[in-house]
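For the protein sequence lines, the chains are A and B, in the order given. Quick note: the first sequence, position 417, residue 417 per our numbering, numbers continuous. Quick note: the second sequence, position 321, residue 321 per our numbering, numbers continuous.
Just so you know, these hints were derived from the structure itself, not from any lab. Predicted, not measured: the structure shown is a model, and the values here were computed from it. One or more of the hints may lead you astray.
[To be verified] Where chain B lies over chain A, by a calculated footprint (3+ residues, C-beta under 8 Å):
(1) 215-223
(2) 304-314
[Claimed, not checked] Computed Cβ-Cβ distance ranges for the label pairs, DEER-style:
(3) B/Lys181 / A/Gly465: 35 to 45 Å
(4) B/Lys181 / A/Gln111: 50 to 60 Å
(5) B/Gln474 / A/Asp179: 24 to 34 Å
Ideal Cβ positions, reconstructed from N, Cα and C, are used throughout, including at glycine.
Number of protein chains: 2
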Amino acid sequence: MRTSRLAQLFFLATLASSAFAQSNAPALPSQLPGYRDFSTTEARWDRIFLAAPDARLAGEHLKTLTAEPHVASSPEDYKTAEYVARKFREAGLETEIVPYRVVLSFPIKVQFEATAPGGFSQSGPTPEHVDGDPSENDPRILPPYNASSASGDVTADLVYANYGRPEDFKHLVDDLHLDLKGKLLLVRYGTNFRGVKAFLAQQYGAAGILIYSDPADDGYVMGDPYPKGPWRPDTGVQRGSVGYIFEYPGDPTTPGIASVPDLLPAKRTPLDQAAASPRVLATAISYHDAAPLLQRLQGPVVPRNWQGGLPFTYHVGPGPVRVHLTVQESYDLHTIWDVIGKIPGTDADGEFVVAGNHRDAWVYGATDPSSGTASMLEAVHGLGALLKQGWKPRRTIYIASWDAEEEGLIGSTEWAEQHAAEMDHCVAYFNVDVSVTGPDFSAAAVPTLKQFIRDIAKEVPSPQGNSLYFAWQQTSAEAAARRHGTFSARQGNAEVENDVRVGDLGSGSDYSVFLQHLGVPSTDFGSGGPYGVYHSAFDDITWFTKFADPNFKLLQQQARVFGLEVLHMADADVLPYDESLYAKEIGAYLETARMKASQEDITLDWSAAATALQQFSSAAAAVSKQQQHPPTNPDALNHALRKAETDLLDPEGLPHRPWYRHVIYAPGEYTGYDAVVLPHLNEALDKRDAPEAQQGLTRVADALQRAAQTLSSVAK
Amino acid sequence: MRTSRLAQLFFLATLASSAFAQSNAPALPSQLPGYRDFSTTEARWDRIFLAAPDARLAGEHLKTLTAEPHVASSPEDYKTAEYVARKFREAGLETEIVPYRVVLSFPIKVQFEATAPGGFSQSGPTPEHVDGDPSENDPRILPPYNASSASGDVTADLVYANYGRPEDFKHLVDDLHLDLKGKLLLVRYGTNFRGVKAFLAQQYGAAGILIYSDPADDGYVMGDPYPKGPWRPDTGVQRGSVGYIFEYPGDPTTPGIASVPDLLPAKRTPLDQAAASPRVLATAISYHDAAPLLQRLQGPVVPRNWQGGLPFTYHVGPGPVRVHLTVQESYDLHTIWDVIGKIPGTDADGEFVVAGNHRDAWVYGATDPSSGTASMLEAVHGLGALLKQGWKPRRTIYIASWDAEEEGLIGSTEWAEQHAAEMDHCVAYFNVDVSVTGPDFSAAAVPTLKQFIRDIAKEVPSPQGNSLYFAWQQTSAEAAARRHGTFSARQGNAEVENDVRVGDLGSGSDYSVFLQHLGVPSTDFGSGGPYGVYHSAFDDITWFTKFADPNFKLLQQQARVFGLEVLHMADADVLPYDESLYAKEIGAYLETARMKASQEDITLDWSAAATALQQFSSAAAAVSKQQQHPPTNPDALNHALRKAETDLLDPEGLPHRPWYRHVIYAPGEYTGYDAVVLPHLNEALDKRDAPEAQQGLTRVADALQRAAQTLSSVAK
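Same shape as in the complex, but just chain A:
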């Protein structure tokens, strides 16, 4: 790594460490239980809350929620909404079921026939099947498909395109000189969001993609397949939407506005003009169906890292395998149902907290999302216990059970778009999606809340007996050893060396609208393990109790994390934001971008950004002192803290995707799930567009200056 005077500047600017974080110096996990002084009022509420979430009850929620397939807008989905609403009401929440009318796509006819010289012929898809799985043959299970695919009928030569990453397409076109126009591509799941695979295929002129799950990625190469082990069996298929949520999420016909039931049809963008709507055919298949096709491809042998786990040498094609792919989907308006529970706060200032989880599932959805819903319901159970003891939160709390997340984060996006005007009073959004697939805890957050979630992990016991924070440290140490030396270089995460890593928020779950469209500080968390049934019919209670969490203790743990997030944020006198860490991380992002520009010989003027960062960093340090010794009335301080987050939005949004307005974080347009930091700047650097990069850099500088000014106004 090279350093320079400017680099030193960035790091000097961020050296003043967070006084806030220091004031929350971690107690030693080994002192658990009872390491915290439970004599304060806040700690007493914590203790009462922590006692309530119940593993057995969490298991019962899970069983109820996963009893039937419950895809968004189905009658079974509505039954889960009623169940969640009942549990909310039992806990004392003011609850309503909020409907939206949104475009959803369902399969009418999805099939393929493949032929190859020598009389080979195969048709599919093959139904998902393992011997003895109890969910076999449920007629309500949707056949495997990719929601939001275009509809059509194509016969073309097949080409293998590895993961469908930008570098994969470049290899096919630039190195192998293949013409992908009109071709059908066989791509494997993994490393990026499936919508990115479709998006790139579309950009390269392909007619469609068949996305399969290679055993090297979540099948027998990783471990024993279901039902013997937790990994994907041969017929298992990953369903999922290929909608371009990196353009904008939500109903593709209503970007930026809410799909309320009485929305005038004229307000809608026609689907064929919607930027989020794919123009290529896509369908998801199993490796049972993909292997015979892949085995018969000819043409060049693939590069070494394109070879998967199937027992033959992979070739690129094109052909001689020809595939006739038919995808017919319906794109109609359907009603979906968010369940919103409210606990009114005592504070007249109107600040509120939102915490949510989606409820709709591709099939049974034991891990995705019902593990999250079960955890959320036990968190609500804990909040109910507090209410029964007379507790009233300072800030209003909304607990949300979103619908139609799987089709494009629709329920959350529509609700937040509907309430966009009030969102400058929303002090945090806490998300949980898949809460449990195994014991390895992980979290992602804006830097403002990274220490916040670590502190909560210190207070929650793990099923192994020590604190969750301790267990998290163990997992992180192992993971760090595995990726040693690769991570920090990749993303310049300034704090990764010093503590358990809290990741950056990309996309793929319901926090997107809150953070990236509306500037609400957000977190997400989960607990992972060996997991090969994602979005298949096998993600059911049988799998869950055998491999993920047999006694539901992890669901209980996650309920405690989720509830404490809400409780601590709702009751805090002063918002527990760590602005200094934000400054430090942005400094690292800028330094990484500067090195990238330097490597690409792109000269930019970094001085305004360096100055703005220094101002932001100084103001953050000053505000930290205020947070430690707050004024009697902290309203102005809290208001400034919250506004500094909104200051990081740019009203114009990102180039070509104005819905995404955050200058620090966006979903990567070519990675999808992963965050791209400083998106305008970095995506321009990737395209070697110096003027555009300079503009992106200026917008970062402007945003930092706004935030610095906001914080300075209260930090005297």
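With chain A fixed as given, assemble chain B onto it according to the hints.
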């Protein structure tokens, strides 16, 4: 990496760069052809020599040599000896066929039966077979086996032990607490010498090993299998000896002495007392035979990096697969035949050069070793052209066609042991084994000769039209990119960053006795490519012309390299040894060892070694000046240069393996093929034995001091 005063000392000691190397500043490869001043006498001989090796003739040699299977001591082997002798004589060499009587092991009965619950039963081995291969069903093909296996009959539970590396055994025993005593182990080929797998199995008390070729290592995961591509087909087996050549090579019953035909039987060590002779059963099988066994193993799932390319999840066992393994081998005295051709030199001082290649093959041996023999014969053709022009070399030249290399480097070891007393006059041994499997040139040498072989590569054209050196640079750059950051840390090769890498000599071919027993500076080289037929019946002329070298141009290139090595070394006024590079590399080896000791908290006294290295380095620099401006009679200088190499031998040899006497290089006792540098010191450090490590370090210091004194005596 940490540095210290001592480290600086090492590097300061070696900073004085090689004046010799500077005097051979590389001409730019792009100036080829004609970049060298061909007006000097030496260059004129080079030019005449380079014109002679002929691709068509090389192809004819290859066809003749590979017409029949010709394992050591067979009648077909003797026919190849006669062919080689005839070609030597045609070129004008004084030629004799030199017989030895050595113990060789041949299969009498090798078979296995496997059973598992549920009625599974399988017996093998399955014969090697691919559709359409012309070598099918040759009755002279030995069935797949591992030479030097113990004989016996064992029925035991099977355990999968990955590559059979030390860390693999540690995982089974220390982490999984398996008792390997009496078990049969299924291990895969790769990463170490097969004899090491047997040696470790024996140390852990196992009864035997079945070694199979996993498709991840040289089969379909790497590329298309034969006959479609160059990689190993399902029934392909890697034959090979499991003899413990890292204890000593050659006839296992005559360590240190020559197995001449009239050797008294009483001089022989009984085989059951021979340290080089395995005590466990071993046999080689195909993945066609291994897969059904491996698939039925139960017990723990393997660690991620133990999973190979077969289409199921690997488990460790033990059992429930039980295997009944029978290995019956004969261990009789057989006659083998080295072919030795001589060109007498004009120098009365008695110095000579040896260049050799083995001739015996497990089956047809197109690449291994006949590609080397074909190259050698065309090098001899070139020397013959010189002789016809009246050329007489300054130093005597011996060209050797070794026998029984496959059984344990026997032909070379016996011949060199027979002539050990004269070996202080042998100024170099040049080896070639597999000369061609593809276009990627590589070389290994003592540091003294690393620049020597690079300079030769500058003079030889590659079939792509530019110099071999240029092609080598391209290959190296790609390889360096692949292993970026891993290599130098592993072995501290001081010069790897600055030029094409010339590796260190480990073991596995005929240079071992010359370098590691007798201190003769040695080189080895080859040209590699995709290659999955090693030691199988498919290593035949069909495979070779389809995948390795269709028009034999690479054989021609290698003939030129081999011949120029001989020519340059035989005719040099002053020996072209680069002692300064030796000092630099030893400095790097010492520094790496010092860091290892420091990491292990082993305190050693490094001062004597540092002082000796500095003396050696100074003397080397002074000698370099002498080499540039030699005295009229360079005999004393040459004598000192050669003696400095012998000074690096320790008469007592390594602990527990006295045959290996070189203090800088030995084959690794736990890696086999790879060199271990400073073997006494480093192996003691690996065992955390500080007193032994100090002794090893002292011996290095003593050897360096001897060499420094020798060089100083002529460097005034």
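Outcome of the hint check:
1. Three residues within the 8 Å Cβ limit are the bar, and the stretch 215-223 of chain A against chain B gives 5, so the coverage statement holds.
2. For a cut-off of 8 Å, the count of residues in the stretch 304-314 of chain A with a CB near a CB of chain B stands at 7, and the three-residue condition holds.
3. About 37 Å separates the C-beta atoms of B/Lys181 and A/Gly465, a value consistent with the hinted range of 35 to 45 Å.
4. The hinted window of 50 to 60 Å between B/Lys181 and A/Gln111 holds, with their beta carbons roughly 57 Å apart.
5. Checked against the given bound of 24 to 34 Å, the beta carbons of B/Gln474 and A/Asp179, roughly 29 Å apart, stay inside it.
Of the numbered hints given earlier, the model fails none.
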